[in-house]
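K.L.:
Sequence:
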Amino acid sequence: TYQDSPVTDYFNKQHPGKFAVGGAVINAGLEGIVIRKGDTKMFNAVKSAFDKLKADGTYKQIIDKWGLTNEAISLVDRRTLFA
Numbered sequence: 001t002y003q004d005s006p007v008t009d010y011f012n013k014q015h016p017g018k019f020a021v022g023g024a025v026i027n028a029g030l031e032g033i034v035i036r037k038g039d040t041k042m043f044n045a046v047k048s049a050f051d052k053l054k055a056d057g058t059y060k061q062i063i064d065k066w067g068l069t070n071e072a073i074s075l076v077d078r079r080t081l082f083a
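The numbers in the working numbering rise by one with no breaks, and the one at position 52 of the sequence shown is 52.
Everything labelled a hint here was simulated from the structure, so no lab data went into it. Certain hints may be false.
Claimed, not checked - In silico EDC-like cross-links for lysine to aspartate or glutamate, where the CA-CA straight-line distance does not exceed 20 Å: (1) 60 to 9; (2) 65 to 9; (3) 54 to 71; (4) 37 to 56; (5) 60 to 71; (6) 41 to 51; (7) 18 to 56; (8) 18 to 39; (9) 18 to 51; (10) 13 to 51.
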């Protein structure tokens, strides 16, 4: 089948050893959180929360629990790209 990689990762976690991914991820899309331009307070709050989740291992636990290791994201500040 051809499907989203999160669906594939989760399916493989539910059926260990029965299936294998037949290739690399194709056409990976970018995802993001949109915050009103100039809202530094909100940006810092979101960044701080994400940083804490990563630092204390919670983010990794969530990713591992649901078998989404290919879906892990990193926070990138792109404010200057679209200023």
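K.L.:
So, for every hint listed, does it hold in this structure?
P.N.:
Hints, verified against the model:
1. With a C-alpha separation of about 15 Å, the suggested pair residue 60 and residue 9 falls inside the 20 Å cut-off, and the hint holds.
2. Using a Cα cut-off of 20 Å, the hinted pair residue 65 and residue 9 holds, with the two alpha carbons roughly 11 Å apart.
3. For the hint linking residue 54 to residue 71, the alpha-carbon distance of about 14 Å falls within 20 Å, and the restraint holds.
4. A C-alpha spacing of about 29 Å is found between residue 37 and residue 56, which places the hinted pair above 20 Å, so the restraint is violated.
5. Of the pairs offered as hints, the one joining residue 60 and residue 71 holds, with about 11 Å between alpha carbons and a cut-off of 20 Å not exceeded.
6. In summary, the hint linking residue 41 to residue 51 is supported, as the alpha carbons are separated by about 15 Å, within the 20 Å threshold.
7. The suggested pairing of residue 18 with residue 56 is violated, with an alpha-carbon distance near 33 Å, which exceeds 20 Å.
8. For the hint linking residue 18 to residue 39, the alpha-carbon distance of about 48 Å lies beyond 20 Å, and the restraint is violated.
9. As the CA atoms of residue 18 and residue 51 are separated by approximately 35 Å, the hinted pair breaks the 20 Å bound.
10. Restraint check for residue 13 and residue 51: not satisfied, since their Cα atoms lie roughly 26 Å apart, outside the 20 Å limit.
In this structure, the hints that do not hold are numbers 4, 7, 8, 9, 10, in rising order.
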